[in-house]
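**Q** Order-wise, the sequence lines are chains C and R.
Going by the working numbering, the first residue of the first sequence is number 33, and it counts up by one from there.
Going by the working numbering, the first residue of the second sequence is number 33, and it counts up by one from there.
There may be inaccurate statements among the hints.
No distinction is drawn between identical chains; accordingly, a pair holds when it is met within one copy or between any pair of copies.
What the hints assert, rightly or not - Derived BS3-like pairs (lysine-lysine); straight-line CA-CA distance at most 27 Å:
| id | residue 1 | residue 2 |
| --- | --- | --- |
| 1 | K215 | K255 |
| 2 | K62 | K257 |
| 3 | K215 | K115 |
| 4 | K257 | K64 |
| 5 | K52 | K257 |
| 6 | K91 | K52 |
| 7 | K255 | K217 |
| 8 | K62 | K215 |
| 9 | K257 | K115 |
| 10 | K91 | K255 |
| 11 | K235 | K257 |
| 12 | K215 | K91 |
| 13 | K64 | K235 |
| 14 | K64 | K215 |
| 15 | K255 | K235 |
| 16 | K52 | K235 |
Derived by calculation from the structure, the hints in this document are not laboratory data.
Source: prediction; values computed, not measured.
2 protein chains.
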Amino acid sequence: MADGVRVLKVKQSVLANNDKRAEEFRAELKEKGIFMINLMSSPGSGKTTLLVNLINRLKKDLRIGVMEADMDASVDAETILSKTGARVIQLNTSGECHLDAKMTSEGFHGLDAQGLDLVILENIGNLVCPAEFDTGAAMNLVLLSVPEGDDKPLKYPLMFRRGDAFVFTKMDARVVFDFDVDKAKERILRLNPNAVFFPVSAKLDEGVDALAEYLLARVREYKEK
Amino acid sequence: MADGVRVLKVKQSVLANNDKRAEEFRAELKEKGIFMINLMSSPGSGKTTLLVNLINRLKKDLRIGVMEADMDASVDAETILSKTGARVIQLNTSGECHLDAKMTSEGFHGLDAQGLDLVILENIGNLVCPAEFDTGAAMNLVLLSVPEGDDKPLKYPLMFRRGDAFVFTKMDARVVFDFDVDKAKERILRLNPNAVFFPVSAKLDEGVDALAEYLLARVREYKEK
Chain C
33 MADGVRVLKV KQSVLANNDK RAEEFRAELK EKGIFMINLM SSPGSGKTTL
83 LVNLINRLKK DLRIGVMEAD MDASVDAETI LSKTGARVIQ LNTSGECHLD
133 AKMTSEGFHG LDAQGLDLVI LENIGNLVCP AEFDTGAAMN LVLLSVPEGD
183 DKPLKYPLMF RRGDAFVFTK MDARVVFDFD VDKAKERILR LNPNAVFFPV
233 SAKLDEGVDA LAEYLLARVR EYKEK
Chain R
33 MADGVRVLKV KQSVLANNDK RAEEFRAELK EKGIFMINLM SSPGSGKTTL
83 LVNLINRLKK DLRIGVMEAD MDASVDAETI LSKTGARVIQ LNTSGECHLD
133 AKMTSEGFHG LDAQGLDLVI LENIGNLVCP AEFDTGAAMN LVLLSVPEGD
183 DKPLKYPLMF RRGDAFVFTK MDARVVFDFD VDKAKERILR LNPNAVFFPV
233 SAKLDEGVDA LAEYLLARVR EYKEK
């Protein structure tokens, strides 16, 4: 493991208490002026790559911390640390397929979030379970990669209902995959009329600026209120 | 919904009883001479596309039934029916992220499996939960698509431990994605020394014959014993 990556084992709370716990944690974050993003997607949709690109764009304006959730690995935390220098903690869920509010809040307190403006939770790669648990985040950011297909909102509706903003990743892969952006948007909007969309290609460095600007505006708006 | 697709709602049993239930169901399948495959992967790894190609290759030699699991859609069952004519049932898990032995056995009894040689369960697209539940299948077939990346065995070890055979899908996408087949194999073999591998491209129609032959041999061997 790289130096400086802390690994914390986090345990699930009782599901019934999760909503209450999430509200309390959200209030604590608000009090401290820290905007939290819950980043969710399938495995391999490009969460970590996008995160590296976003942090390197935002770090001149915001002090950023990252919580990397994995079942029992720490490769992502090491990547974030080495490529961005952001404050990072690895959360191990011991096989659980999601983070709940208790686990997230424990991770947050392990991160030493003093003075941060933005904390990003990279949730477990999964389109099912993470959607069922409010983590206390101010925003759910959901990624859908071009190779996964534009039909995923039909098959995993809860995730697409729970998202606030959606990023279509690996847009450069449309040279080999059929992915109808309009169809994907329409399917998500049917579940979630307030959804906003950001098509990006980390490889071609396209679209990430627009997403970074949007997030910066959201963080500033949150801190001013 | 297309004509002829039956949709069944299946409910989870208590986890502690699952292993016993799975063994009983496996014995029932053996008694009936029906080989069952549990097909697992991330969302959008190409399970349904591979299934269509496999069935169309195997249907001259084997009588095949399919159980399509989804949280609340039935698009995959319709695709299988219209593109292969195979006997198919749609299992809806009402939000559950996996199939257990009870749900699978209920699905099987709903399928009318009389006279079948091979039943394929297309599990929920998820690299986490489905790995935790023995369905009673004779074989776990796990797909990993090139766009997901060769690091997935490091991050979702249980799934790669539980697989018997592994299919690397969307091999044609290596023109846009780095995916080191040797590295992926090595990572899986470290978890699972008996793993066998099939790189395929459904788009270029490459590698599916080898997989179909392997499965046919496994079904015949099972029925002879």
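**Q** Output the numbers, in ascending order, of every earlier hint that fails for this structure.
**A** Violated hints (numbers, rising): 1, 6, 7, 8, 9, 11, 12, 13, 14, 15 and 16; every other hint is consistent with the structure.
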